[in-house]
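Protein chains in written order, with my numbering: chain A, 1 to 198; chain B, 1 to 198.
There could be a bad hint or two in this list.
Pairwise CB distance ranges, derived in the manner of DEER restraints [as the list claims (entries may be wrong)]: (1) L176(B) - L41(A): 25 to 31 angstroms; (2) T66(B) - A80(A): 26 to 32 angstroms; (3) D131(B) - G48(A): 17 to 23 angstroms; (4) D131(B) - H19(A): 24 to 30 angstroms; (5) D40(B) - R68(A): 42 to 48 angstroms; (6) A142(B) - R68(A): 36 to 42 angstroms; (7) Q112(A) - A39(B): 53 to 59 angstroms; (8) G64(A) - G83(B): 23 to 29 angstroms; (9) D131(B) - D49(A): 20 to 26 angstroms; (10) R92(B) - S30(A): 48 to 54 angstroms; (11) G168(A) - D49(B): 30 to 36 angstroms; (12) D40(B) - P38(A): 46 to 52 angstroms; (13) A16(B) - A114(A): 44 to 50 angstroms.
Hint data in this document are derived by calculation from the structure and do not stem from the laboratory. For every residue, glycine included, the Cβ atom is placed at its ideal position computed from N, Cα and C.
Number of protein chains: 2
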Amino acid sequence: MSPAPGGPLRLVAATANRHKLMEIAAILGSAVELLPRPADLGEVVEDGDTLEANARLKAAAVCGHTGRAAVADDTGLEVAALGGAPGVRSARYGGENADDADNRARLLVDLQGAADRSARFRTVAVVAFPDGGELLAEGATAGTIADAPRGGEGFGYDPVFIPDGGDGRTFAEMSLDEKNAVSHRGRAFRALAARLGR
Amino acid sequence: MSPAPGGPLRLVAATANRHKLMEIAAILGSAVELLPRPADLGEVVEDGDTLEANARLKAAAVCGHTGRAAVADDTGLEVAALGGAPGVRSARYGGENADDADNRARLLVDLQGAADRSARFRTVAVVAFPDGGELLAEGATAGTIADAPRGGEGFGYDPVFIPDGGDGRTFAEMSLDEKNAVSHRGRAFRALAARLGR
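Chain A with its partners taken away, still in its complex shape (with noise of 0.2 angstroms):
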C-alpha cells in the first residue's frame, strides 16, 4: 500500500493532454513521479455531472485497468454572467467536437455586451488507490474574462482568463510556473501533494 520508503511515490497520469501532464508533473516534483496513461486504455466517458464526478470516474477507470494508483483532474470555468457555465462542460462548451478555440470563440460571444465578466476557473483533482481509497483535492483561482484572447502559452480558456491579483496579464501570457503558482490546478495538486505526506 504504501511506496517503498524515501522513493518517489508513483502514479498513473489519467490524462493524454501534454500541456496538464506538464503541469502537472512540475507541480508534483521529484516526490512523485507521474507514469504516463496505458495506450490500450479507451477513452472514459466523462458523463457526470460535476467536475469531481467527472474526476473520480477518470482516476478510477485508470486505476481499475492498471491496479496502480491514478491520479485525474477535472477543470472547469464557472462565469458568474452564464449563471456558472460551462463549467463541467468546458471542453465541450463550442459544440461535442469543439477545440480550444471553438470553446473560446463561443465564450467571447456569449458574454458580448455583459457587464459582468467574472468567473472562476476550478479543478478537483482525485488519487484513487486499487484498495478503493479515494484522495479529493480542490483548487479555485477568480478572475476575469478578457475582451479578446491574449498569450500563445497554457491552454484551453488560459487566452481568454486573467487572474485576480496580478498584473492584467492572462494566464497565456505566463511562464508555466507564474501560471502554476495562483492557478486553480495549481492550488489542486499541491494540496494533494500535502495531503499525500510530501
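Based on these hints, arrange chain B on the given structure of chain A.
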C-alpha cells in the same frame, strides 16, 4: 494545513456513538487525536443513498461547523439473500426509531428459511479537510448471519455476524482487538491512517 511535525493529527469525530468512538480510537492509535463531536452541532440528516454519500455528508458537516479536519464513517450490512439490504438503511432497518435489537430481530425474521445466509459488512470512512480536500477509504468483511444473536460485546449487528475465516464466533463474542483485526471498520480506518502518512 499540516499538523505540527511529530505531533498527533487532530480529527474531530463525527459520531457520538461511544462504541464506534472506542473502535476508531483503538484502530487509529496515538498518531491521531480524536476530538469529540461538538455538542452544539445538531443531527446531520443522513439522506445519502450510499454509505459513501452519508460518510461524506457527516464529515463535511462537522468540518464546516468546526473549521477543523473531521472524520466520519458509515457502515452497512449487505445480505446476499436480501439483495444487498439492509445496506445504507442498516441503522433503521427495524423502523425509523429502531434500536439495535429491533434491527437484528427484523433481519433474523427476513432470513427465516433462507438457504444462503452470506453477508458482508462494509464501512466507508472519510476525512474532510477545511480546504475542501477529502480522503476516502473502504473496508469490508465477508461472513454469515447466525441463526440467533450470540455474545455481549460490540453493537449493532455484531451478535448475528460471524466473520469468515474465524472460529465461528460472532463479532459480539470477540474482544475489541480481535474484532478490529478483521473487521470492516478496522480495515477502513487502517487504510485511512496509512493514507494520512502515519
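Check: Which of the listed hints are broken here?
Finding: Hint check: 1, 6 and 11 fail, others pass.
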